[in-house]
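S.K.: Residues per chain are reported as follows:
Protein chains: 2
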Amino acid sequence: MSLVVVGSVAYDGVETPHGKVPRMLGGACTYISLAASFFTKPHIVAVVGDDFAQEDVDLLAGHGIDLEGLERVPGKTFFWAGVYSHDMNERETITTELNVFANFQPKLPERYRSQPYLLLGNIQPELQKQVRDQMGGLRLSGGDTMNYWISDYRDQLLATIADWDFLLINDSEAKMLSGETNLRRAAAKVLDMGPHTLVIKRGEYGAVLFRRDCHFMAPGYLLEEVFDPTGAGDCFAGGFIGYLAGQGINTKGGKIDVAELRRAVIYGSVMGSFCCEKFGVDRFRTLTRAEIDNRYNEFKNCTDF
Amino acid sequence: MSLVVVGSVAYDGVETPHGKVPRMLGGACTYISLAASFFTKPHIVAVVGDDFAQEDVDLLAGHGIDLEGLERVPGKTFFWAGVYSHDMNERETITTELNVFANFQPKLPERYRSQPYLLLGNIQPELQKQVRDQMGGLRLSGGDTMNYWISDYRDQLLATIADWDFLLINDSEAKMLSGETNLRRAAAKVLDMGPHTLVIKRGEYGAVLFRRDCHFMAPGYLLEEVFDPTGAGDCFAGGFIGYLAGQGINTKGGKIDVAELRRAVIYGSVMGSFCCEKFGVDRFRTLTRAEIDNRYNEFKNCTDF
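Chains as they are written, first to last, in this note's numbering: chain A, 264 to 568; chain B, 264 to 568.
This is chain A alone, in the form it adopts within the complex (with noise of 0.2 Å):
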């Protein structure tokens, strides 16, 4: 069962108390693919520039990702950089250079559109409605947003999330387009503008997902060593989708197996985690299915009583 993601593939220049690298793959796009592949096949619809990188195509490809709806055209690929706190959880953005990613039109390549699965990256919520549209056939569909689109652009993202089985975003982004300070009066205003499911990333402390009539909390995984927090929450993303995907969930019908979203938070969790132990998408040079799925038993070790 295969899976479509659309977002940003791009350039990060990218400082942390660990280190600096001034230029490397990035992008949502990037991370929820490659986090996805661990578990299903993704299609990517993105835009780069042509100064991207053969070794980047190659490390893509070489995850089974499908490249068709990577389109190249003339300008420079999306650049942004930024540094990080010592204690890693703020991070101050240096430069955002959107270059070709400042007119990205999303093209469905044909094949595309009878995938089952979509995740759409934070892009403009109209791209990410016209995306969903061409789609025929899904199973299961949802994304991410930012606090941008949700200030400025809160008419058209409410039309856009409308549809969805699922929203994932952030503390801070759950509380603003709620209106909400409290996390579960905040989440239960957001299930009531479409997505039957809602997962509320929070950093270091986990995530809880939340459906009409429950809820379940994953903590964060605690690593020794957090090298670069960039991508982790679209690694989130890639994890929840991709093994829900790999499964071949279906919500046709209204019905979904919980149980199976429970597990998905904590594959989410796990591959979040994986994406911070080394800077960028290095963590996924060598990561494998057998370490993945032992440290989601140590999630199940962890948490058991």
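Incorrect hints may have been included.
Since copy identity is lost for identical chains, a pair holds within one copy or between any two.
Simulated crosslink set (DSSO-like; lysine-lysine; CA at most 30 Å straight-line) [claimed, not checked]:
1) Lys541 - Lys339
2) Lys541 - Lys452
3) Lys563 - Lys304
4) Lys563 - Lys518
5) Lys541 - Lys304
6) Lys283 - Lys563
7) Lys304 - Lys452
8) Lys370 - Lys541
9) Lys452 - Lys283
10) Lys370 - Lys283
11) Lys283 - Lys518
It should be emphasised that the hints constitute simulated quantities derived from the structure, not laboratory data. Keep in mind that this is a model prediction, so the values were computed, not measured.
Keeping the supplied structure of chain A fixed, place chain B upon it in accordance with the hints.
M.R.: For chain B alone, coordinates are given in the frame of chain A:
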């Protein structure tokens, strides 16, 4: 199996977004012993002034708390007042009047000395040590401390906790005590200071139990309404030690049932969550053991995968 609790009995003035209470029963020893009273019989060691109200004596006695060690001296009871921020994650102290607590010298009634469980609330480390040294036949002892003792009484504190089975502190205190910013490395260093068990409280994000060979993560209960977080950390401590005392747990010979420690962390979280539902100790006036066990089961449902 009975428990001795040492610490402050006080009056608090608290303002939260839900209202303002100028004077109500408070203090670490009060919260710890009330929370523990649902599992075991607490015996308290504390000091109050001649303004301490009979209705507050009655509340404590009504929960089966042994008050023989509650010393009453001329003067006023310890008074603290503070204001919470809108999201309740920060609080500002308005007044701290130590009053009779300034010269607190814990006096252990003779029949307290053979009790098997001891919880030392946050007081001067030297006093904590004096109390513990008077106890014979302890099965399990430990306690709390705070940033002031960690920074200004470090040597005394280290000499004190060296004898403890467990230390219960919050994440910033753990980082300060260890000099490590990473929680897992901080915990490893603290466990080298003596205690075989460390519980790090993370406020709304729950708690982590650390042992040399494993750790256990408990999420924070998601309340729909936090009325007043005052005393929640102390109620966590009361639920934790209270449950273990009630179960008659024994660490002699260095062995301990880790499954029971995990359950104790959940009972601690349960008691901390109830504490926040009303101002001060009000929730404990009506709380029942059945409500406690229901919430324990809610924790199971919200974390199982």
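S.K.: A separate judgement is required for each hint: does it hold in the structure or not?
M.R.: Going through the hints against the structure:
1. Lys541 - Lys339: within (26 Å within a copy, 57 Å between copies)
2. Lys541 - Lys452: This pair counts as between: shortest inter-copy Cα distance 24 Å, intra-copy 37 Å.
3. Lys563 - Lys304: Within one copy only: 26 Å inside, 34 Å across.
4. Lys563 - Lys518: Answer is both: 26 Å inside a copy and 23 Å across each meet the 30 Å cutoff.
5. Lys541 - Lys304: within (24 Å within a copy, 51 Å between copies)
6. Lys283 - Lys563: neither (34 Å within a copy, 42 Å between copies)
7. Lys304 - Lys452: For lysine 304 and lysine 452, neither the intra-copy (34 Å) nor the inter-copy (43 Å) Cα distance is at most 30 Å.
8. Lys370 - Lys541: neither (32 Å within a copy, 55 Å between copies)
9. Lys452 - Lys283: between (41 Å within a copy, 28 Å between copies)
10. Lys370 - Lys283: neither (35 Å within a copy, 58 Å between copies)
11. Lys283 - Lys518: For lysine 283 and lysine 518, neither the intra-copy (47 Å) nor the inter-copy (46 Å) Cα distance is at most 30 Å.
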